[in-house]
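Asker: The residues making up each chain are set out below.
Protein chains: 4
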Amino acid sequence: MGEAIRVAVVGATGYGGAELVRLLSEHPLAKVVIATSERLAGTRLSDDCPWLATDLILQSFDPESLLVDFVFLAQEAGFAMLHAPNLLRKSRVVDLSADFRLKDKDVYAATYKREWASPGLEVEPVYGLPEAVDRDTIRNATLVANPGCHATNTILGLRPLVENGLLDGIPVVDSKSGVSGAGRSRKETDYLFAEMTGNFKGYAVTGHRHIPEIEQEIGVRIRFTPHLVPESRGIYTTIHAPVKLGTTLEQIKAGYPTSTFVRVVDQIPSTKQVLGSNRVDIHVALDEHTGFAVVSVVQDNLVKGAAGQAIQNMNLMAGLPEETGLPIHGVWP
Amino acid sequence: MGEAIRVAVVGATGYGGAELVRLLSEHPLAKVVIATSERLAGTRLSDDCPWLATDLILQSFDPESLLVDFVFLAQEAGFAMLHAPNLLRKSRVVDLSADFRLKDKDVYAATYKREWASPGLEVEPVYGLPEAVDRDTIRNATLVANPGCHATNTILGLRPLVENGLLDGIPVVDSKSGVSGAGRSRKETDYLFAEMTGNFKGYAVTGHRHIPEIEQEIGVRIRFTPHLVPESRGIYTTIHAPVKLGTTLEQIKAGYPTSTFVRVVDQIPSTKQVLGSNRVDIHVALDEHTGFAVVSVVQDNLVKGAAGQAIQNMNLMAGLPEETGLPIHGVWP
Amino acid sequence: MGEAIRVAVVGATGYGGAELVRLLSEHPLAKVVIATSERLAGTRLSDDCPWLATDLILQSFDPESLLVDFVFLAQEAGFAMLHAPNLLRKSRVVDLSADFRLKDKDVYAATYKREWASPGLEVEPVYGLPEAVDRDTIRNATLVANPGCHATNTILGLRPLVENGLLDGIPVVDSKSGVSGAGRSRKETDYLFAEMTGNFKGYAVTGHRHIPEIEQEIGVRIRFTPHLVPESRGIYTTIHAPVKLGTTLEQIKAGYPTSTFVRVVDQIPSTKQVLGSNRVDIHVALDEHTGFAVVSVVQDNLVKGAAGQAIQNMNLMAGLPEETGLPIHGVWP
Amino acid sequence: MGEAIRVAVVGATGYGGAELVRLLSEHPLAKVVIATSERLAGTRLSDDCPWLATDLILQSFDPESLLVDFVFLAQEAGFAMLHAPNLLRKSRVVDLSADFRLKDKDVYAATYKREWASPGLEVEPVYGLPEAVDRDTIRNATLVANPGCHATNTILGLRPLVENGLLDGIPVVDSKSGVSGAGRSRKETDYLFAEMTGNFKGYAVTGHRHIPEIEQEIGVRIRFTPHLVPESRGIYTTIHAPVKLGTTLEQIKAGYPTSTFVRVVDQIPSTKQVLGSNRVDIHVALDEHTGFAVVSVVQDNLVKGAAGQAIQNMNLMAGLPEETGLPIHGVWP
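Residue numbers (the working numbering), protein chains in the order written: chain A, 7 to 339; chain B, 7 to 339; chain C, 7 to 339; chain D, 7 to 339.
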């Protein structure tokens, strides 16, 4: 290889940021040169993240000093829209938050309870779901909005039905997520081990934040409820979609193209089969009893639902094959 | 108390049977006098079930010698329909299998891949879901069919919408079950700890066996898919039901009566809050975005979904208050 | 029954306190009439603890108004020694904290980093491990110090070897605890579900706080390290004790008396077999290869290790059979 | 790279074999060309192992057709000693079973209840624990016995104390293992998810099979008991070793050299911090209260305890840097 792609990870001690550091360490052509944390600047990343056997020393975020090719922003909503314009002068940016996902700023404000403002932003953010958008748009982007985890599953599972005109009514999306989706700093009682182990619960029964993002990308209204599974990683999304009378399973399946990271599988999937992998596995069935397509989609929310997809976007932006350095097999058992 | 109700548990080393023994040991008016196991007859129940600190010695099943007031049958489908007629000469029977749940014998045959036959049966089995049927029918029954676990949740959550004429389309029932539902003798790879821990998966995406039972009891067609949760006990059922235009949340809620074991709760529930309890907690919401009622129902599949409900039925049949000896609080954390 | 024993639970929303409420609700002769929480006074206990189907309204702690027979103190160290003297004027007290466990106040200060002071205390606290001390002492006590969870297992497993003079060197006590032992308000990253699931870790490798308590009760020095198991409840303590040359397994076993709640079992135990039960199961082996007795002890840390044992003490203090109202079977699976 | 190292994995659908396939797929210089399974020959490996996104078709084991550079044997004890001599004519062999670990054949027979016989074997097997033996011996070996998982932890944790002459009595080794160690075909009730979740239990309290292997490599007698943790992967070994009077922590620590895959860490470790990694993290403490060193060692039993260490051995045998293609970071959370 020539010179490595120089990368900064902003917010390196959260689950998304630390997963970026982990995955990029296996990337043959990229290197994390800066990892930031306000809380722990000056200490070793491995002290706070003992699973990372790295010598990186955490730094404060200083946009001026970030002389890198790519910046990954792994912060809460609100951070990226403030800092991206400045960072874009020197680097290309992949943002893992929701700040640049929604085209309609009123929807953003209603969804995230915060006015949208990104003073000085001169580029159009690109929604970075490679298997659902034109990859050339991502290749040419300087600012990519990395999709939400539930949104990734839902769009990949539902969009083919919409595009092929098979949908006939409101699809029900029942999604189940591992607890790591709540992040590493969410220390409410609900996320304590003792509370969540051997437990399964719903949340945001109506009005989840990913609904507008999904509806923007697929163009139809959805019924959506997420749930918490007593597992760390993994999202399983079951889509119950009413289809037009006479639709066959073959017609449905024909709409699902297979790519390196998005596969149609014959067996009903499980979340663990993609743990640590950038794959999404999709299973499609037709319920003739009711006339619904039933689409089951699995992902690792920290890989394809966050850090892995971010790196896939970086690969495209850097002109590399999209699969470069990304795991394809799951870690099992 | 006067003389205790004498009880036999047929199939005492499976999860349902052992749970009957456990719960009945806390019942003030009943006593397990016979516990059977073909495989382990002659050995102590506590050898195979070390969580039970009991002196019971397992016996072979011998219908002639069962001089008891109540027989609980906790066996695979096919056993009860063969033996119930004989047992009913001396005892009243609560069957935890599916043998007596379906009124239409052709549906039984199609569902369980076995002809239905119960030679000599002279009584009409009663479907034992106390909160959904006329309790007097159960009180007077000699043979009660204990409902399926997914069926219990779905009927309790969906029936009020049907009865009140609010439903407007096919309801989607997305159910999530703990692994104990598979039973103690299911030793396929899928149920190994190493495979299932940190994992979530679908099964029977279409055509699950509880569908006919549910549709029989509520009278409408349903879209149903169950899933496996990495927890031992607990079922969480999310019902997404399209409701008529203009339906309000108050109208929906009004249809859900509260009883000792079936409660409408304000917080989104979790399976563990009813672990070890005979309670079902139901949460009701209205998604105005799509016009769906979203009903979330939790149970412990071995208590309200099996052994606890069986005892509740026995209580009614014996003329006792239905809650006698049954736990109401969950074991947490 | 005559009049119920009136009970107050101080600190009812923590794991120990809530477990007291749960267990006492099944007690035939006692009734929780007051449940306190400073943080949530005025709200329903069931709002914060949705597993408890109770109408109790939380109150502030007010020693003057506590007109009850028994007060259970389920608070952090430091609270009981301050308030017990006042409470003892009207009630008998069982304290679940460490405040009254250590006879040597210097040891208390060194262990808990806090001077010991209980102004006005006029009685001698009794260490409430019924199977290891003279039960009459407990029966006559007005203030009982409920033992620590690791201490309960270790004392029950090790004391017989000491008393029978079989020990020949320093015993190694390697204990493994479920995460609920950390309590409900410990919201450090370490106790988050995502961090602890599928994980096992040591803590307090040397110098754990239960060591002085154990050594006080058995009179010998021990090597002790606890660990965290990815389970909510349960402690498994493995005691590797060097025994005198020529010691036989029969000699060892002979020292372990069986009682309702402490049993010697033939099979290697597991923590779940006592989940929800007040039992301790003990397995004894002799390693002839090295001359060590290997004693394995299991408990539910919230029952025999906390709330259950507290009720067992209350039973004795109230002149009841010690097992009154306490579960003997485990909840499985 | 030049031509890839051609590899056969014999027994590819077990946990060890499948992990070899997964890890080798990320190896830049090796390629699995043959994967065998008697039971499933002719089918896709990914059908039985859906986490592996591979096109490999399973074959029957046919020693004659194995034209590869390295054969990994991932079979039950007894298989390797039968087939290795034949395989060694064409390939170098790394055996993951116990067949070639024990030098004393009588000990093998007593431990594995099977006579040791490897007709035609002409080479001396090498015990392949790179950080504990002379790496050149491994480099020159044609047949390597891959160490046991508990043995790897124990030897790495205990050997420095022995070599430096600090040990003063029998060390107690209390080891805790994830359930994957039992293998994928062990379908006893004990390994069912419902039984093992939220559970912790001992096994082989005395006489575990790894004891002779450990004692052979370190030269001292040990007290050893393993336990099962409700996690899939990971071994945590706590070594309580009495040390000579006056030994300091610095003296102890000085004996533990750090290498790429074996690190001495300052924080008490957890199993998950090395999940998916070939690392072993070791923490050392001195208990001045009793005069014991307390050494805590963590590994992923399927990586450093099996497939990863096997690849590390292959790397050495092939003249590559030992870390080639092996993960160093853990998968968290």
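No wet-lab data here; the hints were simulated from the structure.
Any given hint could turn out to be false.
Because identical chains cannot be distinguished in the list, a pair is counted as satisfied if it fits within a single copy or across any two copies.
What the hints assert, rightly or not - The calculated DSBU-like cross-link candidates involving lysine-lysine, where the alpha carbons are at most 35 Å apart (straight line), are: (1) K193 <-> K259; (2) K250 <-> K37; (3) K250 <-> K109; (4) K193 <-> K250; (5) K96 <-> K250; (6) K96 <-> K259.
Asker: Under the constraints set out in the numbered hints, which ones does this structure not fulfil?
Answerer: 2, 4, 5, 6
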